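So you can see what is in the structure, the chains are spelled out below.
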Amino acid sequence: MDTQAILRAYRRYARVYDLLFGAIFHPGREFIIRSLGARSGERILEVGVGTGLSLPLYPEHVKVTGIDISKHMLDIARKRVERMALQQVEGVMEMDAQNMSFRDSSFDKVVAMYVVSVVPDPIALIDEIRRVCKPGGDIYIVNHFRARNPLLAMAESLLSPISKLVGFRPDLDLDRFLEESGLDLVETHNVNLFGYWKLLRCRNREAVAFNPSEPAEQSP
Amino acid sequence: MDKKLLEILVCPLCKGPLVYLKERAELVCKADRLAYPIRDDIPVMLEEEARQLGPDEEI
Chain B
1 MDTQAILRAY RRYARVYDLL FGAIFHPGRE FIIRSLGARS GERILEVGVG
51 TGLSLPLYPE HVKVTGIDIS KHMLDIARKR VERMALQQVE GVMEMDAQNM
101 SFRDSSFDKV VAMYVVSVVP DPIALIDEIR RVCKPGGDIY IVNHFRARNP
151 LLAMAESLLS PISKLVGFRP DLDLDRFLEE SGLDLVETHN VNLFGYWKLL
201 RCRNREAVAF NPSEPAEQSP
Chain C
1001 MDKKLLEILV CPLCKGPLVY LKERAELVCK ADRLAYPIRD DIPVMLEEEA
1051 RQLGPDEEI
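Going down the list, the protein sequences come from chains B and C. Here the numbering used here is used: position 118 in the first sequence is 118, and no number is missing along the way. Take any residue in the second sequence, note its place counting from 1, add 1000, and you have its number in the numbering used here.
What the hints contain is simulated information worked out from the structure, not anything from laboratory work. Just so you know, these numbers come straight off a predicted model, no measurement behind them. Fair warning: there could be bad hints in the mix.
[Claimed, not checked] For lysine-lysine, the following BS3-like pairs were computed, each having C-alpha atoms within a straight-line distance of at most 30 Å:
1) C:1003 / B:198
2) C:1022 / B:71
3) B:71 / B:134
4) B:134 / B:198
5) C:1004 / B:134
Please work from the sequences and hints to get the whole structure.
Pasting the structure below:
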């Protein structure tokens, strides 16, 4: 699944997104933000902020930054921030979640709801999230992972090619994801849709330092 | 553009510092000679959307 396909899907969905997905995902968003337990002044990053549906849910004493790859979604988010005068929102920005433009260890907490399955490389995404999150910081992921029930799992595998059309990969395996991402799982909760979506709370054991794939020119 | 936010923003390519040019609505990476646009108050931190600085352009 490439970024262009994702962008095309989101351009199609931007205007109707809140109507289509708002109600389905809302309980998950409320649950996760309630459970953040953010202290005053803490800096929080929401990866895949989309139309900013969750932004009004953050308490006023934190500082939230939202990023997304879709300009069309972010326009709606920005208008929402203005209209509701959301003091807790520092800004929304257009970024590639796999290659963010934040300093290492910029955030106390990072929230990624419903994004792991829609990026081209979930592990690269997690590496990047760990880089911008402070060591010891909390990483919250809401995602669907492959069903444990073998019959359901088979059905999901069959559906996987369709994901190209709707921009979603349904067959991510939780254990494998945790192992490959090196995330320290603290707890899991089932959220909404009868537990189809899982909330993972992870601790950022150690920050991952920026490691350019192409060596940058070094000044002598 | 919030000053505090500028403290944590870097170039997506080299993760080096950015210079905020308010009048041009751009965030400039001197090392990569790229200017990232701020459109409708939304910084666009993507290499493919950035403007290459001209050879004589000094920041």
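Hints and how they fare:
{"no.": "1", "hint": "C:1003 / B:198", "result": "violated, 36 Å"}
{"no.": "2", "hint": "C:1022 / B:71", "result": "holds, 21 Å"}
{"no.": "3", "hint": "B:71 / B:134", "result": "holds, 27 Å"}
{"no.": "4", "hint": "B:134 / B:198", "result": "holds, 23 Å"}
{"no.": "5", "hint": "C:1004 / B:134", "result": "holds, 17 Å"}
Going down the numbered hints, you'll see the structure goes against just number 1.
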